[in-house]
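A.B. asks: The whole structure should be built from the sequences, with the hints applied where relevant.
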Amino acid sequence: MKAQPSEALVSRLAQFARLTFSSEEMDSYASEFRDVVAYVDHIERAYVSHTSDVKTKSTQTVETLRDDATKPSDLADTLLKHVPGQDNNNSRGVGVPPVFDTASS
Amino acid sequence: MNTERTISEITSGLHSGSFSVAELVEKSIEKAEQYTEYNAFTSIHKDAALEQARIVDEKRKRGEPMHDLAGVPCAVKDLLCTKGIPTTAASGMLREFVPPYDAEAVAQLKEKDVIIIGKTNMDEFGMGSSSEFSAFGAVRNPHDMERVAGGSSGGSAVAVAAGIVPFALGTDTGGSIRQPAAFCGVVGFKPTYGRVSRYGVIAYASSFDQVGPIANTVEDAALVYEAIAGHDAKDATTSRENVIPTHSSLSEGVKGVKIGVPKEFLGEGVNRDIAGFVRLAAEKLANEGAHVEDCTIPVSEYALPVYLVLSRAEASTNLARYDGVRYGKREQRGALNEMYIATRTNGFGAEVKRRILLGTFVLSSGYADRYYHKAATLRTEICSAYAKLFDRYDALLFPTAPEVAFKIGEKMDDPLKMYMSDTLTVQANVAGLPAISIPVGKVNGLPVGVQVMAPSMREDVCFRVGAVIERSH
Chain G
1 MKAQPSEALV
11 SRLAQFARLT
21 FSSEEMDSYA
31 SEFRDVVAYV
41 DHIERAYVSH
51 TSDVKTKSTQ
61 TVETLRDDAT
71 KPSDLADTLL
81 KHVPGQDNNN
91 SRGVGVPPVF
101 DTASS
Chain Y
1 MNTERTISEI
11 TSGLHSGSFS
21 VAELVEKSIE
31 KAEQYTEYNA
41 FTSIHKDAAL
51 EQARIVDEKR
61 KRGEPMHDLA
71 GVPCAVKDLL
81 CTKGIPTTAA
91 SGMLREFVPP
101 YDAEAVAQLK
111 EKDVIIIGKT
121 NMDEFGMGSS
131 SEFSAFGAVR
141 NPHDMERVAG
151 GSSGGSAVAV
161 AAGIVPFALG
171 TDTGGSIRQP
181 AAFCGVVGFK
191 PTYGRVSRYG
201 VIAYASSFDQ
211 VGPIANTVED
221 AALVYEAIAG
231 HDAKDATTSR
241 ENVIPTHSSL
251 SEGVKGVKIG
261 VPKEFLGEGV
271 NRDIAGFVRL
281 AAEKLANEGA
291 HVEDCTIPVS
301 EYALPVYLVL
311 SRAEASTNLA
321 RYDGVRYGKR
331 EQRGALNEMY
341 IATRTNGFGA
351 EVKRRILLGT
361 FVLSSGYADR
371 YYHKAATLRT
381 EICSAYAKLF
391 DRYDALLFPT
401 APEVAFKIGE
411 KMDDPLKMYM
421 SDTLTVQANV
431 AGLPAISIPV
441 GKVNGLPVGV
451 QVMAPSMRED
461 VCFRVGAVIE
471 RSH
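Protein chains in written order, with my numbering: chain G, 1 to 105; chain Y, 1 to 473.
In short, the hints are calculated from the structure, not lab data.
Everything numeric in this text was worked out from a predicted model, so none of it was measured.
From the three backbone atoms N, C-alpha and C, an ideal C-beta is built for every residue, glycine too.
Don't take each hint at face value.
What the hints assert, rightly or not - EDC-like, lysine to aspartate or glutamate: derived pairs with alpha carbons at most 20 Å apart: (1) LYS411/Y <-> ASP27/G; (2) LYS353/Y <-> GLU24/G; (3) LYS46/Y <-> GLU64/Y; (4) LYS255/Y <-> GLU301/Y; (5) LYS258/Y <-> GLU301/Y; (6) LYS411/Y <-> GLU32/G; (7) LYS411/Y <-> ASP74/G; (8) LYS112/Y <-> GLU33/Y; (9) LYS46/Y <-> GLU33/Y; (10) LYS110/Y <-> GLU288/Y; (11) LYS417/Y <-> GLU293/Y; (12) LYS417/Y <-> GLU268/Y; (13) LYS417/Y <-> ASP35/G; (14) LYS263/Y <-> GLU252/Y; (15) LYS417/Y <-> ASP77/G; (16) LYS353/Y <-> GLU25/G; (17) LYS353/Y <-> ASP74/G; (18) LYS411/Y <-> ASP68/G; (19) LYS353/Y <-> GLU7/G; (20) LYS417/Y <-> ASP41/G; (21) LYS353/Y <-> GLU32/G.
To be verified - Computed, partial: chain Y to chain G, Cβ under 10 Å: (22) LEU319; (23) ASP323; (24) PHE361.
To be verified - What follows is a set of in silico ranges between Cβ atoms, one per label pair, in the way DEER data are often shown: (25) ALA76/G <-> LYS263/Y: 57 to 63 Å; (26) MET26/G <-> GLU410/Y: 22 to 28 Å; (27) LEU280/Y <-> THR20/G: 51 to 57 Å.
C.D. replies: Right, here's the structure in full:
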């Protein structure tokens, strides 16, 4: 599937990049952008041979530009919940097992 | 003192007492101020340069040991930080920026008592192939004022070609030293990636950027290269390998050296007369005892699109720092986001914005695999292809640019056409290899350069082959 960047896409990209363009500029940027993308699409037909050490991924295009917005995350709490050897006396709630057993030394 | 153009001529003049460093620097600044029509400089620093010249004269009088470059005037591309001297990257964004430290390459030159007379004009942030995309206006070619000087280190190439300074520093991300050197009829050298520190170089595309010299002769370029090359703890990408001495190899000749001439780089899209100059250089190298034969690099056709994808991706991330808070210009507006947008929209020029847009696109979710990751994978393939080729050859010979200097404004409205001028120079940047451009003649009165590319860390081979080409033209 060939990427056909629309003016709307270029406008979204400008928004991500914290730039604004007049409608005249947008026309010209979008047209130049299409030419350059058509040219770099050239790499799609390149045969890649011995790249077992390089992660290969699908090159199928999925238009999934997401909103540039923050989302709530409980990642830190989840991680901390699973830390072994929790120590409630420690202000961070994380205990580090002793390296030396002082009782036997 | 009017005829000395090479560093060795200058050094012998200083040794014999024919002129002082102060007189030499004064003359150099006089020329820089006289040739304003070339628009080669963004700033000239007369007082600081003359003060430094007097200090070097004093050292010389006291009989202190001096480096071969001591007292030699030079110009520095305005992309390298210079302590206490404005460093603008030819951008409205950094017009007022005065760095508190020197780039490592600049520090190395200062340590050797080189006198920096000024900063040279260029494409904004190094993004261009003509030195037209500058907040200070276009640089003009001394061979024809209606034509471009090449880019992005156009001001550095012009400063040398016009005889203002015997050498200048440039940076090369996709050909920005070699292509302007070819357009202006001087020598331009890009070292192996990691051979010269990038510390203090305003970043465009960090995995491609490299500092190098522009000079009148291969010997001068070698001398300056040796002065700035080597490991730097402040740049983790610099190599710890010893720098192979290059100066001594200049007179070794090319007997037994195996040279490949890639057929792909002499065909479609390359001016016939320029291709003819490459054939002529190949013939002369063969006459000097080199084994010269045609070769082929099948993946080379992907170097330009790979470069376009990766360099734009790196540019878009590197330039995200210019937000009106941390560096340079700030457009004071209501809310924070409005301030960011106004600062970036008014601070960056058209070509920089174009590259940021493409970079944002190729890194975006949904397109990164198709463009960025594919290009990164292909870059590995291209590196392997060149490494294999260098199992068979000691050096490759091909044109620096497919055409001579074009007219100012000719490609401004057609970015893709402009990008195509880099086809032959990006090969060395994508593969991270050293390459030198040597002037070999003229087509319709405009200079032509041929390029010698060598294996990684074999800068000495570039200079050795380059010196033979230079002598035979």
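A.B. asks: Taking the hints in turn, state whether each one holds.
C.D. replies: Hints, verified against the model:
Our distance criterion of 20 Å between C-alpha atoms is met by LYS411/Y and ASP27/G, whose separation comes to about 18 Å. Distance check on the hinted pair: LYS353/Y and GLU24/G sit about 15 Å apart at the alpha-carbon level, within 20 Å; holds. Taken as a hint, the LYS46/Y and GLU64/Y pair is broken in the structure, with Cα atoms around 25 Å apart against an allowance of 20 Å. Between the alpha carbons of LYS255/Y and GLU301/Y the distance comes to roughly 31 Å, so the proposed pair goes past 20 Å and is violated.
Distance check on the hinted pair: LYS258/Y and GLU301/Y sit about 23 Å apart at the alpha-carbon level, beyond 20 Å; violated. Pair hint LYS411/Y plus GLU32/G holds up; C-alpha atoms about 12 Å apart against a cutoff of 20 Å. Distance hint between LYS411/Y and ASP74/G is unfulfilled; the C-alpha atoms sit about 52 Å from each other, more than 20 Å. Among the hinted pairs, LYS112/Y with GLU33/Y is inconsistent with the structure: their alpha-carbon atoms are about 25 Å apart, more than 20 Å.
Pair hint LYS46/Y plus GLU33/Y holds up; C-alpha atoms about 10 Å apart against a cutoff of 20 Å. A hinted pair counts as satisfied when its Cα atoms are at most 20 Å apart, and LYS110/Y with GLU288/Y does not qualify at roughly 38 Å. The straight-line distance between the Cα atoms of LYS417/Y and GLU293/Y is roughly 31 Å, outside the 20 Å bound, and the hint therefore fails. A C-alpha spacing of about 15 Å is found between LYS417/Y and GLU268/Y, which places the hinted pair at or below 20 Å, so the restraint holds.
Distance check on the hinted pair: LYS417/Y and ASP35/G sit about 10 Å apart at the alpha-carbon level, within 20 Å; holds. Of the pairs offered as hints, the one joining LYS263/Y and GLU252/Y is violated, with about 27 Å between alpha carbons and a cut-off of 20 Å exceeded. The straight-line distance between the Cα atoms of LYS417/Y and ASP77/G is roughly 53 Å, outside the 20 Å bound, and the hint therefore fails. Between LYS353/Y and GLU25/G the CA atoms are separated by roughly 11 Å; this keeps the pair inside 20 Å, and the hint holds.
Note on LYS353/Y and ASP74/G: the hinted pairing is violated, with a Cα-Cα distance of about 37 Å set against a maximum of 20 Å. Between LYS411/Y and ASP68/G the alpha-carbon distance is near 35 Å, which puts this suggested pair outside the 20 Å criterion. For the proposed pair LYS353/Y and GLU7/G, the alpha carbon gap of about 15 Å is at most 20 Å, so the pair holds. With a C-alpha separation of about 16 Å, the suggested pairing of LYS417/Y with ASP41/G holds against the 20 Å cut-off.
For the proposed pair LYS353/Y and GLU32/G, the alpha carbon gap of about 12 Å is at most 20 Å, so the pair holds. Restraint check, LEU319/Y versus chain G: the minimum CB separation of about 9 Å is within 10 Å; hint holds. The beta carbon of ASP323/Y comes within 7 Å of a beta carbon in chain G, closer than 10 Å, and the hint placing it at the interface holds. Against a cut-off of 10 Å between C-beta atoms, the interface hint on PHE361/Y holds, since the closest Cβ of chain G lies about 5 Å away.
Roughly 59 Å separates the CB atoms of ALA76/G and LYS263/Y, a value that falls within the hinted 57 to 63 Å. A beta carbon spacing of about 24 Å between MET26/G and GLU410/Y agrees with the range 22 to 28 Å that was offered as a hint. Between LEU280/Y and THR20/G the beta carbons are some 52 Å apart, a value that agrees with the proposed interval 51 to 57 Å.
Hints 3, 4, 5, 7, 8, 10, 11, 14, 15, 17, 18, counting from the list given before, are not met by this structure.
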